[in-house]
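Kindly generate the complete structure, drawing on both the sequences and the hints.
Number of protein chains: 2
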Amino acid sequence: MRFLILLVCLLSVVASADHGDIVGFDAAGSATQRDIEAMLDASIDPREMDGWLRTMSAKPHHVGSPGSRENAEYIAGLLDSWGFDTEIVEYEVLLPTPRVREVELVAPQRYSAGLREDSLDQDPSTSVRDDLLPPYNAFSIDGNVEGELVFVNYGIPEDYEILERHGIDVSGKIAIARYGKSWRGIKPKLAGEKGAIGTIIYSDPADDGYGAGDVYPDGPFKHESGVQRGSVMDMPTYPGDVLTPARGATKNAKRLRRENAPTITRIPVLPISWRDALPLLSAMGGEVVPEEWRGDLPITYHLGPGPARVRLRAEFDWNMVTAYNVIARLEGAEYPDEWVIRGNHHDGWNHGAADPISGQVAMLAEAKAVAMLAREGHAPGRTIIYAAWDAEEPGLIGSTEWAEHHADELRKKAVAYLNTDGTSRGFVNIGGSHTLERFLNQIIEEVDDPRSEISLKERARARQLVFADDDKEKAEARERSDLRIYPMGSGSDYTPFLQHLGIASVNFSFGGEGDGGSYHTLYDTYEHFTRWRDPDLLYTATLPKVAGRATLRLANAPRLPFDFTAFADNVAMYISELEELAKKMREETEHDNALIADGTFAAALNPYRSLGPPPMKDPVPHFNFAPLKNSLDRLQTSAAELAKAASGNDATSREINRLLYTSERLMTRDEGLTGRPWYKHHIYAPGFYTGYGVKTIPGVREAIEQRDYETVEQQIAVAASVLDGISQRIERITLAVANR
Amino acid sequence: MRFLILLVCLLSVVASADHGDIVGFDAAGSATQRDIEAMLDASIDPREMDGWLRTMSAKPHHVGSPGSRENAEYIAGLLDSWGFDTEIVEYEVLLPTPRVREVELVAPQRYSAGLREDSLDQDPSTSVRDDLLPPYNAFSIDGNVEGELVFVNYGIPEDYEILERHGIDVSGKIAIARYGKSWRGIKPKLAGEKGAIGTIIYSDPADDGYGAGDVYPDGPFKHESGVQRGSVMDMPTYPGDVLTPARGATKNAKRLRRENAPTITRIPVLPISWRDALPLLSAMGGEVVPEEWRGDLPITYHLGPGPARVRLRAEFDWNMVTAYNVIARLEGAEYPDEWVIRGNHHDGWNHGAADPISGQVAMLAEAKAVAMLAREGHAPGRTIIYAAWDAEEPGLIGSTEWAEHHADELRKKAVAYLNTDGTSRGFVNIGGSHTLERFLNQIIEEVDDPRSEISLKERARARQLVFADDDKEKAEARERSDLRIYPMGSGSDYTPFLQHLGIASVNFSFGGEGDGGSYHTLYDTYEHFTRWRDPDLLYTATLPKVAGRATLRLANAPRLPFDFTAFADNVAMYISELEELAKKMREETEHDNALIADGTFAAALNPYRSLGPPPMKDPVPHFNFAPLKNSLDRLQTSAAELAKAASGNDATSREINRLLYTSERLMTRDEGLTGRPWYKHHIYAPGFYTGYGVKTIPGVREAIEQRDYETVEQQIAVAASVLDGISQRIERITLAVANR
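Protein sequences, first through last, are from chains Y and Z.
Taken in order, the first sequence gives residues 209 to 948; the numbers are from our numbering.
Taken in order, the second sequence gives residues 209 to 948; the numbers are from our numbering.
Calculated directly from the structure, the hints in this document are not laboratory data.
Intra- or inter-copy, both count: the list cannot distinguish identical chains.
Below, computed lysine-lysine pairings styled on DSBU-like, alpha-carbon distance capped at 30 Å:
1. K682 - K792
2. K682 - K389
3. K825 - K682
4. K791 - K682
5. K462 - K888
As the structure is a prediction and not an experimental result, all values here were calculated from the model.
Below, the structure is given as structure tokens:
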């Protein structure tokens, strides 16, 4: 028995050494490319990366600060010195910075929130406070309001359903929400829609503090004074400069007036630490919160409203500041007009060691290697552009303005956009366009985990096999040869490329074993990162091997590695999810309505408590999914036929490549999504009420979720026509490949 | 739409008024019986019950205290005055009471646990401290130990599996466990088996404190100084006096020497409050606990071992005390040798307002009504015995000794044992022998919820429809005409009757809406009960309507209402659970073993943490369930045939009734369960490693759960023969009914 197992292991080691030809390369090309990649790997120097990390995270460097400009110049200097054609591209963008921040409990007793993070002896960086941005949420409107507190849990739609069942209305009140579950901007957006006059967001120790693990500096989790900064701009409507939607924020660009900018919040919002939240929450009364709403403060949580009354005052300097994007080019030797763009932002909320400098140094290590390879005779086939974005934190501003500014050229020339951002240690995480799923799987088959000497893919698969939530996922991990990459919502600089311009995009990181708590706080320092997130930069130095392979293979592949079978397979899954979603909602609505109508629901509730039954909901009709499923059939057939035609056939041409890389454009429509025309992609979008969280086939999915039944079939027709356009393109590529 | 709904409601009200004949009665008998029950209902006087409650919970009254004797005499006085033939039956039992209790943190700093509950101004009863038993766990062995702390979560078997995966051994250490998940006695039992030298049990505020809701006196939950007392005697081996297993503890009974009593713990154990636990847990180091292990103290929980070192000293006076059982008889007019026994204990850990006096006053209200009915010409057909047990708290001692003492007579004469204990408000909870499921359902169809004016059954069904965990349970609530009663493990005085003697038993209570926290603490007072658990005794006064109907119907029914179809239906469910259990264990073991063997499991784990993969387990073989399923077929067939024969046939006789009520005896075997011969019932038993939690078909279930694969089929054969014995009996009853 034991012998047999050993044998199996040995066999799989032998097998794993042979990865076959690289997608898009023939045998000889694959061998050359792998030689190049061996040189890339050999050139990665964690000590050099550590030096860059230390330098760039030595002081605060948010957009508009001296540190931002200095880092931009530092990055540009490095790239230029390595041989890139480097420029710093400037945009003029609106950036609110806080002038007045006050959170005061005025009844039943008084408490003034400190709103200040402590410097710690154990971390000298936390005493470097020049130019430090204090805790705030960027793009909160100015305001000075006073009202009773209502505890809204995570402040997401289902939380308000519960409050309404308790008869609690946030109108005229101040909502106190905890960080987590949704992107932070959803919390004031929804609170404002519900009539609240202000929002306070705090980090509960259950989510990020002693409840999660030891706190800084004893452990990685959030210090009692730590506050998560962050943008609350309405990014699900559009990201980037709030005054120049869909236009580059150049000096003389046409601008909205600030009062007309739709992505600034309607109500003032400030973030606070759990140390400041404790006196506020302790002073609340009313019904005890539902079990799932309880945090880890040593109190009983109550819903309110009141008796705690709070005055919230937030005023900002609404200045125009300059964002400095570093753009560095290496001209392609064969196809200079086909661009592989590789980006990572450089601005941080404060010292930003993890976010974003850890990703930035991974990108720099990669760029240095690519430049070295070019000098040694391995110039890329296509043009490679390295971009270090400014102003990502307040709303993906640097990348969005550049993408909007160069939209026409990018639509023509961009082959793909590859992104990184803050990274950590653990498992490789890859999100992106599913036309690159096979391509990306091959890369993680060839790069080993730095601790365990198995491939990144095998380690990620092991996690799925052991920890997947359900048996279906475990079975898939056993049976599906490739791991799924995750579909992307928002949260980093790929958004303008993917969702506005329809450029196939990827995001790379490591994570899952470098615990958090420093995110967007004073404690995101070199000391925190190198002690808790990735000591010795073991995984940070593996990232350029992964992303660098993707950059170089995309740049050098004779035939671009886009593949539609995995795309079709994922779309099939999304469509069955949509059908399942409608079915489940239909059954639940029917079940609940019946129980509500005959009084059963009320009879099951505790008459000594305020929670009432939910209101009845409109029954969910049956929808005609046939158009979408017919289009899916065509997509699957055409994808399979292309795969067959392309197998063992190295045919390529400029035209075939153009047809391949512009296929992602066909997933967009000029009209964009309903109510948010900036978002043009019809397969992936950030959720209107989740923020970062992705919605696949968003037109249909959000119509169902929001119970907008009238428009579901209309959206099905739109999605079907998008799929048909892709199928048509695939059929054209098949012909082109077969005819050469 | 609204009209239609109203109509449906009205129809159901009309329909619910007609409940048909009472099981076991003909039409005329049913009418008479219902008239009697109307008189029962009318006689219930909550104000009188409130007076009894106030009197009997005015001061501590544990076994051996003056309060216990006074309450016994008070109860006996009432019963006697109403006309019962009343006696106080005494047993001499071993009862340890604490002499020395010390829990001291000795490193890394010092802290002496207070081990004392605060008196509260808002609750005068908490200042009545004469004869107060301080917090302790009865039947802990004496000990004075010192060692490092290990946090063992709830201290149940799966918690030790996790500790072992972290490489943590409790040998020579002191285990600190939180209350919850298992019966408390399991915690020191298992810690001792694993080599720990002592156990501390504390109440975490997550389970019972501010994390659960407002704390006393602002709310019902556990005060920071509150400590749950309770027995840690090894009751899953045998309950009752530790020195006289299976014998009544009469004055001259043969007794074990204390050092040979197997149900005293092997290691010392003391319970503490979360106020005392905080300094201990804060001083612990080592790995951070798994997410599900986290409590609600404002610290990061660590596994240890150490650096916290604790000295634990517990010494007891091991005195013989007298337990006073009140036994009150009302001779049956027709069948004096058929006994319906109705019991509730009277001893409490302290003031014991909820536990047990709330149940005691419900029983007294019922007894008073039964006596009144007898005086007014409605003497019961069978003998009714009311029993107020002493010494339930330290280990079901009063009831067990009486049951053991009168075992032979009870086996002959006892028709059923009906139990209550502490009660609260909310939903009716009924557990018991499934041969009485139909009978009990009919009762809760006829008694209305005191707040909502629908029947208790409809309210309980509403809860299942709205809140059941899975769709299967919800569907069952829609489709199955009767609600299942729950199978009983242990935890109150029904255990000796049901599991030792094979007397069909039932336990009644209300709960779910009267939040806890007072359980076994100084705060289980009249003030707490009437403010938080059942103000105005609304539900407490409904309990005698339910239990009283059961008592009277069992006493008066011409043909006893035992029915085997529901029994067969429940047994069928248990058997399919067993098959499912084996299948799931087989699949999980196979899945996990494969992942462990090839290194996948290890690869999925965080190399920066101490958690390792689990050890491989022996593969789970396929078991031959056929004998059990064949016996089930016979059981279902015979039950259906009896139901058919008995329908519309009122045939009865002394012999038919004897065959009916002694059918439960056939579920026992003289040999008892493996390793614990005192437990003779083969359908219901408390789990050997859950304590109170029931194991149905325990021989088979525990063999599978404990991976004792060798004995599974042997246990299947035993269980099959038990079922065959019951089927044979049913067939005999069918003949007897058909032939009259």
